[in-house]
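Number of protein chains: 2
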Amino acid sequence: MYLDHAAATPMDPKVLVAMQPYFTDDFYNPSAPYAPAIVVRRAYEAAKDSLGHAIGAKGEEIVMTAGATESVNLAFNSIGGHVVTGNVEHHAVLEAAKLFEHTFVEADPRGMVTADSVKAAITPETRLVSIALANNELGTIQPIRDIAEVVRKEREARLGRGDHTPIYLHSDASQGVGQLDVNVARLGVDLLTLNAAKVYGPKQVGLLWSASHVELKPQVRGGGQERGIRSGTENVAGAVGFAKAMELASEHRRYESDRLSKLRDSLELKLTNAFPDAVLSGHRKHRLAGHLHISFPNLDAERVLFALESRNVLVATGSACAANKGTRSHVLTAIGLAPEVADGSLRMTLGHLSNDENIAKVAEIIIEEVTREYERVRAR
Amino acid sequence: MYLDHAAATPMDPKVLVAMQPYFTDDFYNPSAPYAPAIVVRRAYEAAKDSLGHAIGAKGEEIVMTAGATESVNLAFNSIGGHVVTGNVEHHAVLEAAKLFEHTFVEADPRGMVTADSVKAAITPETRLVSIALANNELGTIQPIRDIAEVVRKEREARLGRGDHTPIYLHSDASQGVGQLDVNVARLGVDLLTLNAAKVYGPKQVGLLWSASHVELKPQVRGGGQERGIRSGTENVAGAVGFAKAMELASEHRRYESDRLSKLRDSLELKLTNAFPDAVLSGHRKHRLAGHLHISFPNLDAERVLFALESRNVLVATGSACAANKGTRSHVLTAIGLAPEVADGSLRMTLGHLSNDENIAKVAEIIIEEVTREYERVRAR
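These protein sequences, in sequence, are chains A and B. Using my numbering, read the first sequence as starting at 1 and increasing by one per residue. Using my numbering, read the second sequence as starting at 381 and increasing by one per residue.
Warning: the hint list may mix true and false statements.
[Said to hold, decoys possible] EDC-like cross-link-like pairs, simulated, lysine to aspartate or glutamate; straight-line CA separation at most 20 Å:
#1 Lys394/B with Asp25/A
#2 Lys14/A with Asp405/B
#3 Lys741/B with Glu648/B
#4 Lys14/A with Glu689/B
#5 Lys394/B with Asp406/B
#6 Lys438/B with Glu595/B
#7 Lys394/B with Glu60/A
#8 Lys217/A with Asp25/A
#9 Lys499/B with Glu536/B
#10 Lys597/B with Glu481/B
#11 Lys394/B with Glu631/B
#12 Lys741/B with Glu689/B
Rather than coming from a laboratory, the hints here were simulated on the basis of the structure.
Next up, chain A with everything else stripped away, as it sits in the complex:
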């Protein structure tokens, strides 16, 4: 009973099947001149084209990376200037932003970074606005289209006064990908980060898409692969697997999104009925279908997590990166959750491994274990 799909997803067996030939038979260096290597190069380029297709862009506008963190760093280090981002962003974005002059826009109590608050944070020196498509802890979906409109107007205003300082919008869509539309034109972004590992693809595979008017700066120099932006022998198996994962995600997106939100809602209802004092976080309406963030005031979430684990229910207390460090989630602090509420928070993220049967069972087990914990706390 795995409810931590936001931290990691198992590779889809079809993805592994697609990758397999490139591990062993078609292992050639895509830069080699002979025909079998050219076949491999074409497979690589076809995978990039397919990834481009999935986001409504061209394969040649994509730089393959070793994951979302590298993509985010590449975006920030390429553009720099004053950067505007949210105080609920992933550590990759927050840490990349700290290398530059930056403003961390405060999210509202639902974890949403509004277009107005982004607008207020933009200065004449702002070159990059970076807002995730959806928050990884709360599942709150950000109003990217509205933010894109703010950025577009700022760009026009600058041009109107003869100021050619560029301003771009980057979005890390790692968390939204199997559930939301990630068409770059419809989102209105200039740069987009995706991560294969969050969408039943291989780990350590990601991409940064950038519009043709955006100039990226090489971060890894060498043989000149990926238009010279990111040298190193290409990850053919990784790109092919990522493309397959995105293809499957696009194919099943509406169905899966619907299925997960029903499962999530049933779990949410059972838990809030059993514990009327429980606090739900994240936007009620604009929220990823598989996300459920619930806090049990005055409980120690880690104790609950281990009690659930002993019954084969795997959940998270916060994002995986922060969880390992024993510090309170910066997201929960940012949305103003009181410490005694925040410390009793579980993040449950549903996905391929969730179904009616195991979610019903999960609800029962959580109710039993949380009840037991409350009894223990009250007995003290």
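Once you have looked at the hints, place chain B on chain A.
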């Protein structure tokens, strides 16, 4: 009949078997707190310890990367200052060096960068000396131990005069790894780059080892993985596969090295007997066992390559990266090979896919095709 093992190697089936569980069953995020994720974290750490063991170091001193190019860039960007490297180095090293004040030491006609020439290039501002363990085009093995001695003496001389400017030796051992000793203490290096893809492991997996006295600088910021030097969810399958590949390489190194040098020598003898004017490049004695670099003066190597390809013999004309760009190899220019000799060069690199039978066949086919090409050229 694949003779381009220096460009890419097929993954050993045992490596793929070792990786497989981490794609699907044990897919958990190694930073998650529950037991199945901790099992994955331990497997990752065990893989790093095993990689450390293979080079006589500790797992915790290793930063996992997406390949040798990233490792080299991490080493250079961490240390900087004036850097000294060879003019026959891989593009990753040459391009990384160009971001800093640099001296490209001239290799001798055998492709060797001598300790004396490195010594002469070191200035009081030199912080990094970077020399590959073996040259990827010629196979020439560099005198790393002697160069380490030069670096050690420079360090002592600086300390003797109260100068605390550090100086480190980095070696990219990607090409040497299955055939040479890569024990960091015996080599005397402060930093070492390895690449899984060159040793029958997965592509896009590499490492940078650095001694505890070397301070690396974060290049990719985020969740704080790899001691904060390189953030991003860990490539568990990749590390496990790399560790398995290194284990197999260490186990079979002596035998394989012996086997390949015999095969290579037999091929070399047949070709030089058939074409007495052919030019062998690379050091006659200090050369990787599987490397054979041979030039047929006045022939067009690309034509020969495609003729051989049509008979299922795959060879390279230069390093794979450069080959794709239609420019003459910088290595052959560096060692002073005349253009009419350089342009007729084939690089053949033997490995796991080579055996008595196919190498004997390869010799026959090369002799036939090169003879045919010479006849064509003479007829004009």
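Status of the hints after comparison with the structure:
1. Lys394/B with Asp25/A: Holds: Lys394/B and Asp25/A sit about 14 Å apart, inside 20 Å.
2. Lys14/A with Asp405/B: 14 Å, holds
3. Lys741/B with Glu648/B: 13 Å, holds
4. Lys14/A with Glu689/B: 33 Å, violated
5. Lys394/B with Asp406/B: Answer holds: Lys394/B to Asp406/B is near 18 Å, not above 20 Å.
6. Lys438/B with Glu595/B: Between Lys438/B and Glu595/B the Cα gap is close to 16 Å, so the pair holds against 20 Å.
7. Lys394/B with Glu60/A: 35 Å, violated
8. Lys217/A with Asp25/A: 34 Å, violated
9. Lys499/B with Glu536/B: With a Cα-Cα distance of about 14 Å, the restraint between Lys499/B and Glu536/B holds, given a limit of 20 Å.
10. Lys597/B with Glu481/B: 18 Å, holds
11. Lys394/B with Glu631/B: 13 Å, holds
12. Lys741/B with Glu689/B: 14 Å, holds
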